[in-house]
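So the sequences go chain by chain: A and B. Per the numbering used here, residue 75 is the first one in the first sequence, and the count goes up by one each step. Per the numbering used here, residue 75 is the first one in the second sequence, and the count goes up by one each step.
Hint data in this document are derived by calculation from the structure and do not stem from the laboratory. Here the structure is a predicted model, which is why all the values come from computation and not from measurement. All residues carry an ideal CB built from backbone N, CA and C; glycine is no exception. Be careful, since some hints might not be right.
DSBU-like cross-link-like pairs, simulated, lysine-lysine; straight-line CA separation at most 35 Å [said to hold, decoys possible]:
{"no.": "1", "chain 1": "B", "residue 1": "Lys201", "chain 2": "A", "residue 2": "Lys478"}
{"no.": "2", "chain 1": "A", "residue 1": "Lys201", "chain 2": "B", "residue 2": "Lys152"}
{"no.": "3", "chain 1": "B", "residue 1": "Lys201", "chain 2": "A", "residue 2": "Lys91"}
{"no.": "4", "chain 1": "B", "residue 1": "Lys152", "chain 2": "A", "residue 2": "Lys77"}
{"no.": "5", "chain 1": "B", "residue 1": "Lys201", "chain 2": "A", "residue 2": "Lys152"}
{"no.": "6", "chain 1": "B", "residue 1": "Lys357", "chain 2": "A", "residue 2": "Lys357"}
What follows is a list of derived Cβ distance ranges for each label pair [as the list claims (entries may be wrong)]:
{"no.": "7", "chain 1": "B", "residue 1": "Leu359", "chain 2": "A", "residue 2": "Pro245", "range": "46 to 54 Å"}
{"no.": "8", "chain 1": "A", "residue 1": "Gln202", "chain 2": "B", "residue 2": "Gly330", "range": "54 to 62 Å"}
{"no.": "9", "chain 1": "A", "residue 1": "Ser137", "chain 2": "B", "residue 2": "Asp87", "range": "51 to 59 Å"}
Each chain, written out:
2 protein chains.
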Amino acid sequence: MAKIPHRLNLTEDQLPKQWYNLRADMKEQPDPLLNPATFQPIRTEELYPIFCEELAQQETDSSTAYFDIPDEVLDIYKIYRPSPLGRAYNLEKALGTPAKIYYKFEGNNTSGSHKLNSAVAQAYYAKQQGLTSLTTETGAGQWGTALSEACSYFGLNLDVFMVKGSFMQKPYRKAVMQTFGANVVASPSDTTKVGRAILAANPDTTGSLGCAISEAIEKATTTPNCRYVLGSVLNQVLLHQSIIGLEAKTAMEQLGEYPDIVIGCAGGGSNLGGLIAPFMQDKLLGRKNPYFIAVEPASCPSLTRGRYAYDFCDTGKVTPLARMYTLGSGFIPSPNHAGGLRYHGMSPIVSKLYHDRYLDEARSAEQTKVFDAAVQFAKLETILPAPESAHAIRCAIDEALKCKETGEEKTILFGLTGTGYFDMAAYTQYLEHSMTDYVPSDGDLQASFDTLPKIPGIQD
Amino acid sequence: MAKIPHRLNLTEDQLPKQWYNLRADMKEQPDPLLNPATFQPIRTEELYPIFCEELAQQETDSSTAYFDIPDEVLDIYKIYRPSPLGRAYNLEKALGTPAKIYYKFEGNNTSGSHKLNSAVAQAYYAKQQGLTSLTTETGAGQWGTALSEACSYFGLNLDVFMVKGSFMQKPYRKAVMQTFGANVVASPSDTTKVGRAILAANPDTTGSLGCAISEAIEKATTTPNCRYVLGSVLNQVLLHQSIIGLEAKTAMEQLGEYPDIVIGCAGGGSNLGGLIAPFMQDKLLGRKNPYFIAVEPASCPSLTRGRYAYDFCDTGKVTPLARMYTLGSGFIPSPNHAGGLRYHGMSPIVSKLYHDRYLDEARSAEQTKVFDAAVQFAKLETILPAPESAHAIRCAIDEALKCKETGEEKTILFGLTGTGYFDMAAYTQYLEHSMTDYVPSDGDLQASFDTLPKIPGIQD
Chain A
75 MAKIPHRLNL TEDQLPKQWY NLRADMKEQP DPLLNPATFQ PIRTEELYPI FCEELAQQET
135 DSSTAYFDIP DEVLDIYKIY RPSPLGRAYN LEKALGTPAK IYYKFEGNNT SGSHKLNSAV
195 AQAYYAKQQG LTSLTTETGA GQWGTALSEA CSYFGLNLDV FMVKGSFMQK PYRKAVMQTF
255 GANVVASPSD TTKVGRAILA ANPDTTGSLG CAISEAIEKA TTTPNCRYVL GSVLNQVLLH
315 QSIIGLEAKT AMEQLGEYPD IVIGCAGGGS NLGGLIAPFM QDKLLGRKNP YFIAVEPASC
375 PSLTRGRYAY DFCDTGKVTP LARMYTLGSG FIPSPNHAGG LRYHGMSPIV SKLYHDRYLD
435 EARSAEQTKV FDAAVQFAKL ETILPAPESA HAIRCAIDEA LKCKETGEEK TILFGLTGTG
495 YFDMAAYTQY LEHSMTDYVP SDGDLQASFD TLPKIPGIQD
Chain B
75 MAKIPHRLNL TEDQLPKQWY NLRADMKEQP DPLLNPATFQ PIRTEELYPI FCEELAQQET
135 DSSTAYFDIP DEVLDIYKIY RPSPLGRAYN LEKALGTPAK IYYKFEGNNT SGSHKLNSAV
195 AQAYYAKQQG LTSLTTETGA GQWGTALSEA CSYFGLNLDV FMVKGSFMQK PYRKAVMQTF
255 GANVVASPSD TTKVGRAILA ANPDTTGSLG CAISEAIEKA TTTPNCRYVL GSVLNQVLLH
315 QSIIGLEAKT AMEQLGEYPD IVIGCAGGGS NLGGLIAPFM QDKLLGRKNP YFIAVEPASC
375 PSLTRGRYAY DFCDTGKVTP LARMYTLGSG FIPSPNHAGG LRYHGMSPIV SKLYHDRYLD
435 EARSAEQTKV FDAAVQFAKL ETILPAPESA HAIRCAIDEA LKCKETGEEK TILFGLTGTG
495 YFDMAAYTQY LEHSMTDYVP SDGDLQASFD TLPKIPGIQD
C-alpha cells in the first residue's frame, strides 16, 4: 500500500457540487423554530423579513437531502478549496501512539477559518435576491472577517456589530474587516434602539454576542433591501458547512481510511455539524458506526451542563425560539480566549443528535489544557491553531494517548477549523502563565437557566 | 483542453527532491566573498566559525547544479508543500485583461511566508553538525517566525535579535516566535558588545537590520556550539528557495503553460532568486526567453538606484564583503511597511544576473500604490497579501493592464510570498489615508554610498 501523504489535497474536480442536508436522514427531526410572539411553529415566510428567501427555505427544509452549490459560490470555493486533509505524523510520533491522527484543515484562506464556507453562500443568495446590504455580529472576529470578504466579492454593503470587548482588544481583526470594506461598529452602539437602551442602563458594558445579534437584526429589519445573516447555530449554516465533511470523507476514502472517532470543537455547532455530516449519515443509515465527540470550553458548557430546551438565540429576545442545548440567553460568558465558542446555545441539529445519542459524547476542556495542546501541536506540525480549534486538538491528543495505553490502532479525525494569528494576546497570556481557568458554578448556571422562556403547554 | 483550475496543488510525489543551484549554469559567476580583514577571497573553512559547515559549503559551491534535499527536511516540507499555484481569474476579469495571471502562493504555512523553506534546511544542517543553538536577526518578523518553527521542530535553542522598532510595534510577531520557544531580544540590546556600544552612543535608537545582524553574529561566535543563520541574500538561501520555482515550473508545465513574464518582489533576493531559478536556467541555456522583473520599494531602491560594488552585509562591518547592488551599509532605511524589503543590499546572484541583463528589469514602487494593489487583490482573490508580496502584485497588475492596451495574451507569473496578518497596522494606515510615500533624495543616497568600503586595487 502506498504511504499516506502528510497532506492530501483533493483536486478541483473533486470539489463537492452539492451540500448535504443531514436532517433528510434523521429519523426524528429537531423541534421546529417557534414564533416568539405566538409560540407557534414558524412558517418559512415569517422568516423572510430577517433572512433572504432562499436561505429561509434552506433553514426550514428538512426533506431535501442535497442542495446544488451555485456556480458563483463554487467559483470562490475553488480559490481555497478543497481544503487539505493532514496526517499529523509528527504528533503521532511524539505521543508514541499507535493511533492515526488526521485533521481537516480549514485555516487555508484569508478569513483564517471555516466560516468562509457559509459566508460565501449567504452573500451570494442575498445578492441573487437583489439585496444591497447585510448585517451581522461577530465575537472573536472570524465570522465577521469571512463575511466581509464574501460581501466585498459580491459588492454588498456590510455592517458588522462587533462585541465591544473584542472591538477594543482586537484592532487588527477590525482592520481586516475594514480592508474588505465592512463598516465595523462596536456593540452595544448608539446606532440602534436596543443598543441605546443597553448603553443607557449600563454605559460601561463591553457587550456580548447576544446583544450584538439583537442590534444586527434591528439594523437589518429597519434598513431597505437589507437582511441579517448568522455564522453558526442555524440549519442553513450547517448545510453549507457540510462541505467540510464531504471533502474529508472523499479524501479519507481515497486513502483507504475511515475514522473510528470524529472530533469537532463546538460553539454554535457550525464546524462540528459540517464535519460530521456525511459520517453521521453513515451512522443514521446503519452503514458505519463512527464515534462522535463534541468538545466545548468548560467556561461555556452548553452541551455538557446545559438544558435541552426552547430558548432565544439572542439576549434581546427578538429571534425565533429554537429547541437546543442552552445555558439560557441570559448567560454571561466568562472571559475565555476561544471567543468563537462562547455562545449560550447550540445548533438545534447538533442538539437533537446529542439528545438522541447519535452524537456519542460531549466533553468540556479547561482553557490552559487547551493551550497546552495548541502549543504542542504548533511545535510539531507547524500550524498555529486558533484557540477554538485547539479544543479538538486537546481531545484528539487525549484519545490518541488512550490508544497508546490500550494498543488500539484507532483512526482519529478532527476538525482544525482555523489559525490563531489574531489570538496572540491569548498565547502570550498562556506563555506568561497568567491564563486562568474559569468554570461556572452550579449557582451561576441556575441563574441563567432562570432566563429560559416560559412557553405555555410546552415549557412551563 | 481542460479548463485551468483556480488553484493547482501538486501531489506529495511531485515535491522536488533536489534544490537547484543557479550558479552552476551561469556563464559568469558572482564575484567571490572577501575576507573583511584581508580583502582576499574567502575560503570555505573561513566561514565555519559563522555558518555550519554544510551551509558554508553550499555557500561557496558554484559548480554543483543539484543538491539532494535531506529526508528530514522533506518531512517538514510535506506538511505545507507543494505550495499552491493560483490562477487569479477574478483579478483578470476585473482588469479586463487578455493576460493570464498566475501566482505561486507561499503563505500557506504558519510562518506565513516562503522563509520557512530555508529555515527548515538551515536548522536541519545545524542539528546534523551537533550544534545546540542558533542566532539570527529579524526585521518584519517573517524570518524570525520561520526559524523559530524550524528550531522548535529540531530541538535547537534560538536567539532572535529583532529590530527594536518592530519589537515594539509588532508584539504579536514576537509572541508567535515565543510560542515556538525562541528567545526574542530587542536590538540593539545590552547582551552584546556591539549592542552596548550602539546604545551608549544613541540610547533612543529603534535599531536596524544591519545592527541586529552584527549582534546576532557576535552572539553566535561567542557562544559554544552556536552558529549564525540568515534568511536572505546568501547563495545558500537562494539554493533552498529554488523549490519555489521548481514547483511553479512543474505546475505550469502540467497546465501546458510557460510564463512570458516572471515577477518577484526583491528585498535581499531570496524569494526572487528562488522563484526565477529554473526559468532563469532555461534562459541561461537558451531554451526559453522569459522576461524577469524585480520589484523593490521606492524607499529602499538597491537595484534601481544602488551601486554594483563590494559592501558589508551589516552595519557593524563584521561580515564578509559581497559584491552586490547596494545603497551602502550605512543606509538608513526609511519608514516603510514592507519591512522585509528594507535591506541595503541585494543577493550577489541576483545582482550579477541583473548586472549581466539576464534579469531584464528592476522596478521600484511607491508604498501607497503597492497597497492599492494589495487591497484590490485581497477583495478579488480572498488572500490578504503581505506588503512585501504586494510589490509583485502591483507589477503584475501593471503588466496585465499593458496587455489590455496591446491585446497581448501574455502569461504572467508572480510570487505571492506571504500573508499580511501581522501587517494590519499598515493596512489601517492605508485605509485612513495617513500612509506616506518616501523616496530618498540623491543627496541621501550619496551620503550612504560614502559608507562603501575602500578596497585597494578593487574598489578605490
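Now the hints, each set against the structure:
no.	hint	verdict
1	B:Lys201 - A:Lys478	holds (29 Å)
2	A:Lys201 - B:Lys152	violated (40 Å)
3	B:Lys201 - A:Lys91	violated (47 Å)
4	B:Lys152 - A:Lys77	holds (13 Å)
5	B:Lys201 - A:Lys152	violated (40 Å)
6	B:Lys357 - A:Lys357	violated (58 Å)
7	B:Leu359 - A:Pro245: 46 to 54 Å	holds (51 Å)
8	A:Gln202 - B:Gly330: 54 to 62 Å	violated (35 Å)
9	A:Ser137 - B:Asp87: 51 to 59 Å	violated (43 Å)
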